[in-house]
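Undergrad: As a plain string of letters, each chain reads:
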Amino acid sequence: MLKFLFEREQGLLDPLNLRRAESTRRTFALELSRHRDVEMTSQGAVNSIDIDLIESRYLLSGFSDGTAAIHDIINQTGNVKYTCKVVCKIDRNNRYRHNSSIQSVCWYPLDTGIFTTSGTDKLLKVWDTNNLIPVDEYEFSGIVYQHDLSPVATKHCLIAVGCQSSRLKLVDLKSGASSHMLKGHQSSIYCVKWSPKDEFILASGGADNRVLLWDVRSAKGAMKVLDQYNGKEPSDNITGNTAHHGAINGLTFTSDGLHLISYGTDNCIRLWDSNSGKNCLINYGNVPNDTKKLVQLSVSNGCSPDVLFIPNRSNIDMFDVYTGEKIDRLKGHYNSVNCCKFHSPTQDVYSGGNDRNILIWTPDTDSSYDDYLKTQSELKENSADEVRTTRTTVMIDTWSSDEDD
Amino acid sequence: MESEVLDHTLCQEMAKYVEELTTSGRPALNPDIMKSFKKICRVSSLYCEQAYHLLITQLEKGHSEIRLSAFQMIEELFNRSHCFRELLISNFQHFLELTVETDYDNPLPPPKTASDLLKSSAYSAIQKWYDKFGEEYKRLTLGFNFLKTCKKVDFNGIRSRTELQQRQEKEKDEKLKKIAEERMEKTLQQMNEMLEDIKNTITEAKTGFQLILPSPDDFFIETGENDTSSIKKSGVENSKTETCSVTDGESSACLVVDKVTTTTKNDLTSCSNSNQPECEMKDSSDLEINNVSTCKNDNDNISGKLTSNNESENCCDDLPTGDKTNSSFIKGSNSVNNESESDENCSGNEVDDDCESDEEENVLQEHGLHSFKYNLSIDMTPGVVSLQETDDNKDLLQTLKDHYRLIVTKYKPTVNKWIQNLTKYGDKEDLTKSVIDVKTDLDSLLSKYNEMNIIPDDKPVEMGDDSDDDFEEVPEKEGYEPIIPPHKRAEYGLEPLPTSTRSETVTQHPKASTSRNTSGFWSLSKTIDQKPENDPTTMKANFVRLLQQSSGTSATATCTQSKPKVPLTVTGDSQKDKLLEKAPIVPYGVDLEHWENPDKMEAPLVVKYDWLNTVWAYTERDNGESKADQDGLAALKNRSISFVGKFEPVKWKCRAPLPNGKFCERMDRFKCPFHGKIIARNDSGQPTDPKDIASLSSQHDDIDITSNDQSYWRDPELEADIEAALGIDLGSSKGKKKGKGKGKGKQKKYPNLTDITEVKNTSRNRLEKKIFKRSTMKRVAADLDELDNKKARDKFGNQFVYQMSQR
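Those protein sequences? They're chains A and B, same order as listed.
Per the UniProt record's numbering, residue 1 is the first one in the first sequence, and the count goes up by one each step.
Per the UniProt record's numbering, residue 1 is the first one in the second sequence, and the count goes up by one each step.
By construction, these hints were calculated from the structure, which means they are not laboratory data.
Some hints here could point you the wrong way.
Capping the alpha-carbon separation at 27 Å, the derived lysine-lysine pairs in DSS-like fashion look like this [as the list claims (entries may be wrong)]:
| # | chain 1 | residue 1 | chain 2 | residue 2 |
| --- | --- | --- | --- | --- |
| 1 | B | K417 | A | K331 |
| 2 | A | K374 | B | K199 |
| 3 | B | K172 | A | K331 |
| 4 | B | K417 | B | K172 |
| 5 | A | K374 | B | K128 |
| 6 | B | K132 | A | K374 |
| 7 | A | K81 | B | K128 |
| 8 | B | K172 | A | K81 |
Beta-carbon label-pair distances, calculated as ranges [unchecked claim]:
| # | chain 1 | residue 1 | chain 2 | residue 2 | range |
| --- | --- | --- | --- | --- | --- |
| 9 | B | S44 | A | T346 | 52 to 58 Å |
| 10 | B | V43 | A | P15 | 40 to 46 Å |
| 11 | A | N94 | B | P31 | 53 to 59 Å |
| 12 | A | Y369 | B | S44 | 40 to 46 Å |
Under 7 Å between C-beta atoms, here's a sample of chain B residues computed to sit facing chain A [as the list claims (entries may be wrong)]:
| # | residue |
| --- | --- |
| 13 | N106 |
| 14 | R139 |
| 15 | G143 |
| 16 | F146 |
| 17 | K148 |
| 18 | T149 |
| 19 | C150 |
Even for Gly, the Cβ is constructed at its ideal location relative to N, Cα and C.
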C-alpha cells in the first residue's frame with residue numbers, strides 16, 4: 001500500500017492502478033458490516049434491489065408484499081455506527097402499490113426522480129419518486145420476472161421486460177407504449193439485461209435453457225443464440241443451441257460489458273464473450289440453484305480480477321470472474337438470498353433475502369471500527385462508567401473460577 | 001501467529017467427554033464431566049475450536065437426545081468463551097437449522113419429547129444470548145430478528161415465561177426457607193424441653209452402671225498396697241525362719257498335703273515365682289474379689305512354707321500347667337507375692353551369694369523351663385461378661401432397663417432427628433456438636449447395656465410351683481427287674497455271682513477281646529501274627545518268604561511261628577465250621593464260582609448238530625460257534641441285579657406361583673419341568689430358603705438377559721439330543737444362532753439413548769402387515785384374475801371355433 005502511494009506520489013503509477021489495487025483489496029475482504037444497518041421496512045422478503053447510478057446513494061428495494069423502499073446509504077451523520085434510513089417507501093397503505101410481490105426494481109439511469117417496479121401482478125409501474133405516484137403503468141399477459149433499463153442509453157429510452165410469455169417486450173418511455181416485441185424464446189423469460197457498453201445490445205435468458213443476445217435495432221430476431229458447446233456438439237433440432245441444461249434465472253454483464261455471466265438451474269455459472277457469443281468455458285463449480293424466479297447477480301467494478309457475487313441459498317459466494325476460483329463465502333442471511341448488488345464507490349455489497357433483511361457487507365480491512373469502539377468506551381468511561389461494561393466484557397472470555405478445581 | 005499445538009491426548013479426552021455427555025440420553029448434563037470438559041476448553045482457544053467442531057458434529061446427529069445434550073454443552077461454552085461464540089455465530093444459520101428447525105425440509109429427529117425440549121430450550125437460550133451479546137455479534141442479532149420476524153417466534157413470551165419461572169423459583173425458595181426456619185424453631189424448642197431430661201437419664205444410667213459394674217480402679221483406692229505388703233513381709237520372714245529348719249522329708253510330706261488341700265495356694269505361689277511382666281491383670285470379673293481376699297489371708301500363713309518347699313523339692317512340675325487358668329486372678333496378690341519373693345531373694349543374697357544362682361535354677365526347674373529367655377504371653381481377653389440378676393441388684397437393673405427402653409424408643413430417634421434438622425437447616429455448629437455428644441453418650445450407654453448381657457433371674461417364675469418340686473423326680477420302676485447289676489446283688493439279698501459262671505455266660509469272643517484289651521499292651525509279634533500271611537505287604541509275609549528262601553533250620557522256626565496261630569483259628573471258627581458242614585452248597589452264579597480265576601470261565605457249549613444234513617444245518621458253523629462263545633462268556637461275566645426299592649409316593653407339590661394366581665399343582669419328586677428344582681415355598685409361593693431366593697433371582701436375571709420366552713423353557717442340549725434321535729430340525733440350533741446374531745446386532749452402541757429405529761406398533765403398521773401379506777395379495781390377485789377370465793370367457797368364449805375355421 002505504502003509502495004503504491006509512494007509511486008503514485010512520484011507519478012510512476014497510473015492512478016487507476018492504485019485505485020484498482022485498493023478496491024480489489026477491499027473487495028476481497030468483505031465481511032458483514034458491524035456498524036451499518038439497513039432499516040427494516042417491510043414484512044416481506046427482499047426480491048430485488050438497485051442502487052442509483054447518479055449518486056450511488058439511494059438503495060431501491062422491492063419486497064414480496066408489494067411494497068418498495070428507498071434507503072439513503074450514504075452516512076452523513078458523522079457517526080461510525082449508522083443505520084440506513086428509509087427516505088421514502090411505498091408501504092402497504094399506498095393505493096398504487098403492487099397488489100402482489102414485486103419481482104424487479106430499477107432506477108431510471110439518468111435521474112433519481114423516476115424508478116420502475118414490476119411484479120407478479122403482471123404490471124410494470126413507472127414511479128415518480130418525489131410523489132410516490134406511478135406515472136405510468138403497463139400491463140402484460142403474464143408475470144413480469146425482470147425488467148431493465150439501459151444504463152448507457154442516450155438514443156432510446158426503452159425498458160426491456162421479460163415476462164411469463166415467450167416474447168420479450170420493449171416499452172418505450174417516450175411514447176408510453178410497448179413498442180417492440182422480440183420473438184425468439186420458446187418459453188417464459190426470466191431475466192433481461194442491457195449491455196453496459198452498447199446501448200442497443202440486450203441479453204435475455206429464459207426457461208427454455210437459452211440465452212439470446214439481441215440488437216434492438218433489428219426486430220427480425222435474436223442476434224446470437226449462445227451455445228454452451230460452442231458448436232462442438234450437434235444442437236438439438238427443436239430447441240436449437242442451449243446455454244444451460246436448466247432454466248436461466250440470472251444474467252449479468254461484467255462492468256466493461258465484454259462478458260456476460262449466466263446462472264442456470266442446472267447449478268452452473270457460465271461466462272460468455274458478449275462480442276462473439278462464445279462460451280469461455282470457465283468452471284465455477286457447482287452452485288446450488290433451486291429457485292424458479294429471478295436471482296440477481298452482481299459483478300464488482302474496478303477490481304483487477306473482477307469478483308462475481310452470486311447468491312447461493314442463504315450465503316453469497318464470491319468468485320473470481322475470469323478463473324472461476326472461489327474467493328469467499330459471505331454468511332449472514334438466514335434464508336435464501338435473492339439479490340445482491342455491488343456498490344462500486346465504497347466497495348460494499350448490499351444483499352437481500354427471504355429473511356426480510358437487507359445486509360450490508362463492508363470491507364473489513366482496517367481496525368478503524370475497533371479503534372472507534374475503544375475511543376467510544378474510553379469516552380464512556382469518563383462520562384458514565386456503567387455503559388462501558390457491556391461492550392468490553394462481551395468480547396472477553398468469561399471462564400468462571402469454578403472450573404479451576 | 002502463535003505456535004500453539006493441540007495436545008493429542010487432550011483432544012482425545014475431549015472427544016471422549018463429548019461422546020459420554022451427548023450419549024447419556026439424560027435431559028441434563030453430568031456436571032462433573034462437563035466441568036472437566038470446560039477445564040480443557042479453557043486452556044486455549046484452539047481447544048474451543050476443537051470443541052466447537054466436535055459439538056457441531058454431535059449436533060448433526062439424527063437423534064434429538066444427542067442434539068439436546070450437545071446443545072446444552074454449546075450453551076455452557078457459549079456463555080464463557082469468546083472464541084466459541086465467534087465460531088458458533090459465524091455458522092449460526094446451521095446451528096438454528098439443527099436446533100430450532102428453521103429449515104422445514106430438515107425437521108428435528110425423532111424422539112419427540114427430546115426435540116421439543118431442545119427447541120424450547122434453544123429458543124430461550126438464543127433469547128438470553130441476544131440480551132447478553134446481541135449488541136456485539138451482528139449475526140446473532142440478525143438471527144434473533146430472523147426468528148422473531150420470519151419464524152414468528154414469540155420471544156417476548158419466552159422472556160416473560162422465563163421471568164415467571166424465575167419468580168416461581170424465588171417463591172419456592174422462600175417457601176422452603178420458611179419451612180426450614182419453622183422446623184429449626186421447633187427443634188430448638190424441643191431441645192430446650194427435652195435435653196435436660198435426656199442428660200438426667202444419661203447420668204442416672206451411668207451411675208447405675210457404675211454401681212453394678214464398678215470399674216477396677218475403684219477397688220484399690222481403699223486397700224492401700226503398702227499395708228498388705230508390709231504384712232506380707234513380716235509373714236514371709238516369719239515363715240522363712242520357720243521353714244528353714246524343716247527337713248527335706250518333712251517338706252515333701254507338707255507339699256503333698258498342700259496339693260491335696262488347696263490348689264489356689266499352689267497357684268498363688270506359681271504366680272509369685274513366675275516373674276512375668278506380661279501378667280497384667282485386666283480382669284473385668286471383679287465380682288470374685290471377695291474370694292481372692294480370703295486367699296490373701298491364707299497366703300500369709302502358707303506362702304512361706306510353700307516357697308521353702310519349692311526350694312527344697314523340685315517336684316512342682318505340674319504347677320505351671322495350672323498357671324494359665326488360675327493366674328488370672330488378682331493384681332494385688334500377685335504384686336504382693338512378687339514383693340515377697342524379691343524380699344526372699346534379698347535375704348538369700350545376704351546369706352549366701354551362691355544361693356542366688358541356686359534359687360534361679362530352682363525357679364527354672366520348678367516351671368520346667370530351660371532359661372529365663374522364655375517370653376510367656378498370656379492373653380487376657382475378657383470373655384463374655386454376663387450378669388446374674390439377683391435380689392440385690394434387681395431394682396438397679398430394673399431402673400437401667402427402664403432407661404434403656406426410654407433411650408431406645410424415645411431419646412435416640414428424637415436426637416437423631418435433631419441432628420438431621422440441625423445439619424440440614426441450621427448453621428449453629430456448637431449446638432449441633434453438643435447434640436452429637438449427647439448422641440454418642442446414648443450410644444455408649446446402649447452398647448454398654450447390650451454388652452452386660454444380663455441373665456434374668458427366673459426365680460419369680462418358679463415361685464408358683466415351688467411346693468410341687470420339693471421331691472426329686474425319679475423314673476418309675478415297674479416291679480420286676482430281671483437284670484441286677486452284680487454290685488447291687490447284696491441289696492437284693494442275692495449271693496454274689498461266682499466268677500466262673502460269669503465267664504461261662506459270656507461268649508468266647510468278647511472274652512478274647514477283653515483279655516486282649518486289658519492285658520494287651522502293644523507288641524510287635526502280636527501284630528505280626530494278626531496280619532494274614534497272604535498279604536505281601538505285611539512283615540509276616542516277608543518273614544515267611546525269607547524263611548522259605550533260607551535253609552532247613554528255618555523250617556522249624558516257621559513251625560514255631562505258625563503254631564500259635566492254628567489253635568486260635570480253630571477255636572475262633574469252630575462253630576462256623578460246624579455250620580458250614582451242615583449247610584448245603586448252592587451254586588449262585590457262574591461268575592461267583594469263578595471269582596478268583598475268571599479266565600477259566602467257560603461258555604456254555606453250543607450243541608452241534610453234526611448228524612443233520614447240511615441243508616438244514618448252519619453253514620458257517622465255526623464262525624458262528626466262536627461268536628456264540630464270546631457272547632455267552634460276556635453274558636456270564638455280567639451280573640445284573642435289579643434294585644427293588646420301595647416306592648414312596650410324592651407328598652409335595654411344586655407350588656410355584658402361576659400367572660393366574662394359583663400354584664403349580666405338579667407333583668414331581670425333584671424337579672418340576674416348568675419351574676425347576678422343587679424348593680420350600682411359603683403360602684404365597686415365594687421361596688423361603690435364602691439360597692433358593694438367590695439362585696432364583698440369578699436365574700431370573702439370566703432369563704431377562706436372553707429375554708427370549710422360548711429360550712426360557714428350551715433346553716438346548718436336550719433339544720439337540722431329540723433332534724439327533726428324530727432326525728428332524730426342531731429349530732434349536734437355528735434359534736441359538738439367531739439369538740447369537742441378534743445379540744451382536746442388538747448390542748447398541750449407546751444404550752442410554754432411546755431407540756429411534758425401533759419399529760412402532762402403529763395401526764398403520766398393523767394394517768400394512770395384514771393387507772400386504774403375501775397370501776392376501778395372492779388371494780386378491782387370484783380373484784381379480786378370475787374375474788378377468790370370466791369376462792373374457794363370456795365375451796370370447798364362443799369365438800374359438802371361428803378362429804379355428806378362419807385359418
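Undergrad: Confirm or reject each hint.
TA: Evaluated hints:
no.: 1; hint: B:K417 - A:K331; result: violated, 63 Å
no.: 2; hint: A:K374 - B:K199; result: violated, 71 Å
no.: 3; hint: B:K172 - A:K331; result: violated, 45 Å
no.: 4; hint: B:K417 - B:K172; result: holds, 24 Å
no.: 5; hint: A:K374 - B:K128; result: holds, 25 Å
no.: 6; hint: B:K132 - A:K374; result: holds, 19 Å
no.: 7; hint: A:K81 - B:K128; result: holds, 24 Å
no.: 8; hint: B:K172 - A:K81; result: violated, 45 Å
no.: 9; hint: B:S44 - A:T346: 52 to 58 Å; result: violated, 37 Å
no.: 10; hint: B:V43 - A:P15: 40 to 46 Å; result: violated, 51 Å
no.: 11; hint: A:N94 - B:P31: 53 to 59 Å; result: holds, 58 Å
no.: 12; hint: A:Y369 - B:S44: 40 to 46 Å; result: violated, 26 Å
no.: 13; hint: N106; result: violated, 13 Å
no.: 14; hint: R139; result: holds, 6 Å
no.: 15; hint: G143; result: holds, 6 Å
no.: 16; hint: F146; result: holds, 4 Å
no.: 17; hint: K148; result: violated, 10 Å
no.: 18; hint: T149; result: holds, 6 Å
no.: 19; hint: C150; result: holds, 5 Å
The earlier numbered hints that this structure contradicts are 1, 2, 3, 8, 9, 10, 12, 13, 17.
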